[in-house]
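Asker: Letter by letter, the chains look like this.
Number of protein chains: 2
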Amino acid sequence: MSRVWNFSAGPAALPQAVLERAQREMLDWNGSGASVMEQSHRGKRFIEMAARTEEDLRSLLGIPADYAVLFLQGGATQQFAQIPMNLAGEGDSADYLVSGHWSAKAVGEASTYVRVNVAASSAADDYLKLPERSSWQLDPHAAYVHYTPNETIHGVEFHDIPDVGAVPLVADMSSNILSEPLDVSRFGLIYAGAQKNIGPSGLVVMIIRRDLLQRPGRPMARIFRYAEHAANDSMLNTPNTWGWYVAGLTFQWLHEQGGLAAMAERNRAKAALLYQAIDGSGGYYSNPIELGSRSRMNVRFSLYDGALDAAFVAESEAAGLIALKGHKALGGMRASLYNAVPLEAVQALTAFMQDFAQRHG
Amino acid sequence: MSRVWNFSAGPAALPQAVLERAQREMLDWNGSGASVMEQSHRGKRFIEMAARTEEDLRSLLGIPADYAVLFLQGGATQQFAQIPMNLAGEGDSADYLVSGHWSAKAVGEASTYVRVNVAASSAADDYLKLPERSSWQLDPHAAYVHYTPNETIHGVEFHDIPDVGAVPLVADMSSNILSEPLDVSRFGLIYAGAQKNIGPSGLVVMIIRRDLLQRPGRPMARIFRYAEHAANDSMLNTPNTWGWYVAGLTFQWLHEQGGLAAMAERNRAKAALLYQAIDGSGGYYSNPIELGSRSRMNVRFSLYDGALDAAFVAESEAAGLIALKGHKALGGMRASLYNAVPLEAVQALTAFMQDFAQRHG
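Which chain is which? The protein sequence lines are A and B, in order. Under the UniProt record's numbering, think of the first position of the first sequence as 1, with each following residue one higher. Under the UniProt record's numbering, think of the first position of the second sequence as 1, with each following residue one higher.
Think of the hints as simulated: they come from the structure by calculation, not from any bench. Remember, predicted model here, so these are calculated numbers, not experimental data. There could be a bad hint or two in this list.
Heads up, the list lumps identical chains together, so a pair's fine if it works in one copy or across two of them.
What the hints assert, rightly or not - SDA-like, lysine to any residue: derived pairs with alpha carbons at most 25 Å apart:
(1) Lys105 / Asn232
(2) Lys105 / Met220
(3) Lys105 / Pro219
(4) Lys328 / Ala65
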């Protein structure tokens, strides 16, 4: 069939231009007579591409020189464990802000390696809003503060960067990295699974302040140590070469689109259009999130009558609007509006929603 | 340029038919209107493909039902650490057979998590032959015995499966899996980085006897626990979906080629042809490995005069024969002859070698 509008929460839509280029280059990449998948990661061609990809990310985000960029594996979930292994010493504690499914999961994976202090949580509010700032119990001696700026499942997002003083701020940006300009210098460590705003799954991009690489951390094999990955340009072992390549194509595409300021403008417009369609539906559709906590990336909505959910999913798919079914833990619908989802897709979705409401009114 | 003959040790050549199919399906996979990279791993299409891929691997290798198959990340190197985390308890020891670079590296990464007993080593022989069986000091109480059936860098290979009694045998088959039929029931755990005989890098395929999933192992986050991955069909977190897909295409290709008996025949013929060219060159080329320990997959050879190495590499590349330069630790040349390298490529290589010897005699 022809290409659909894909609202998947992840692995998510990729820019069509990126896919077309990967398709063209599949059998003969960069004049090598072989696929990029068939290149040694120690070869000149691959190393040049890898370095250019890092440079393109650095220029997109304005990453300062005292930060290392790593291309890792294992998904963000593995980093939930590896971060305390690397940043916490014996007996240390770390502060966690819990604002949804993923930040809660980060606590679970970390607790083998560090004493976790849940400094704030909105679990009692069903994660329908961010934890109130006045409630945060930050420890100035914490090894770090971990938070999740955007919660993919619950659809809540921090719209500014928390001030946590001198303690390094660690952010799981899997679902909002590269969606707008960012002041990287406010963070100690930023990490993101690639499969939402960067590229295919199986790749994690990390931005880490170099002084944090000096922390001894917990006893661990060399393969888990960020300092070793940094010292080896993320080629301590064979990296996910295909993921690195597609990430590079995406970064080039972002530059061609005008960079992150342009993406921020588009992303604001897309989210505004969809929230307007929901809020203006006279209650036919609704979003449960507190206004100031709404995510630009993952927009939840429910139909006034849950009995219509199956029809909504089936008819939207038939109309070429896919992956709108909400996460099984929450039900309802969810539209993910990452960089590769154009405004045109959201226009098609809101038109469909209006039509659906009229037909099933 | 046109496609070359690729002798890379890994990431290595893929079957051209696999690349062509991945190319065709790039923008519209399986009638979905989206790339396989853009599919949710929780979606029906992806889950069906993933299950079929596992079934194709099971039928290729005749994997018994009491073994789980896992699709993991982090490369074989991460498994060097994760295996003792999962299979060894507090205070346990494990036996390691050291026959080259990779088995030595496995010892290094394991030693944080288990007391390592190097039960045998051929380091004193510069890894030019396998450790003598009479020298092995196996411990019947070991948590497991680890070995590397084929050493990619040193070019030595075990041509039978060691008898280690009741202790589970653990094998890093990264560079020889699927190269011939295998009696999986002789093993406790088999693992392989995909980037040689399976697919792109960033994927690890593991075959583990289910009783070993019950071992408590060392304290670790859930993401590192094989039992959790098995219980969640390798979707405990987002897997490397592209790698899984390409692996599936390769498994289908192997079935189309006649399965592993046919591949074994081809691989024997390819290695025999190249070793004959080396041994029959009157000393112009030489392979240093003891005859009974020679690898079918990774064939090392030196020119009688190392001053000709640079010319050999440059002229072979110009002739469309790439990645023949040996590992930097050993120098000389190396040709990797994995499944996707056809006999025609080895014929082209041996013809080139003969021609080169005549011109630079």
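Asker: A separate judgement is required for each hint: does it hold in the structure or not?
Answerer: Each hint tested on the structure:
{"no.": "1", "hint": "Lys105 / Asn232", "result": "between (30 Å within a copy, 16 Å between copies)"}
{"no.": "2", "hint": "Lys105 / Met220", "result": "both (22 Å within a copy, 15 Å between copies)"}
{"no.": "3", "hint": "Lys105 / Pro219", "result": "both (23 Å within a copy, 17 Å between copies)"}
{"no.": "4", "hint": "Lys328 / Ala65", "result": "neither (42 Å within a copy, 30 Å between copies)"}
Comparing the model with each numbered hint stated earlier shows that hint 4 is the single one that does not hold.
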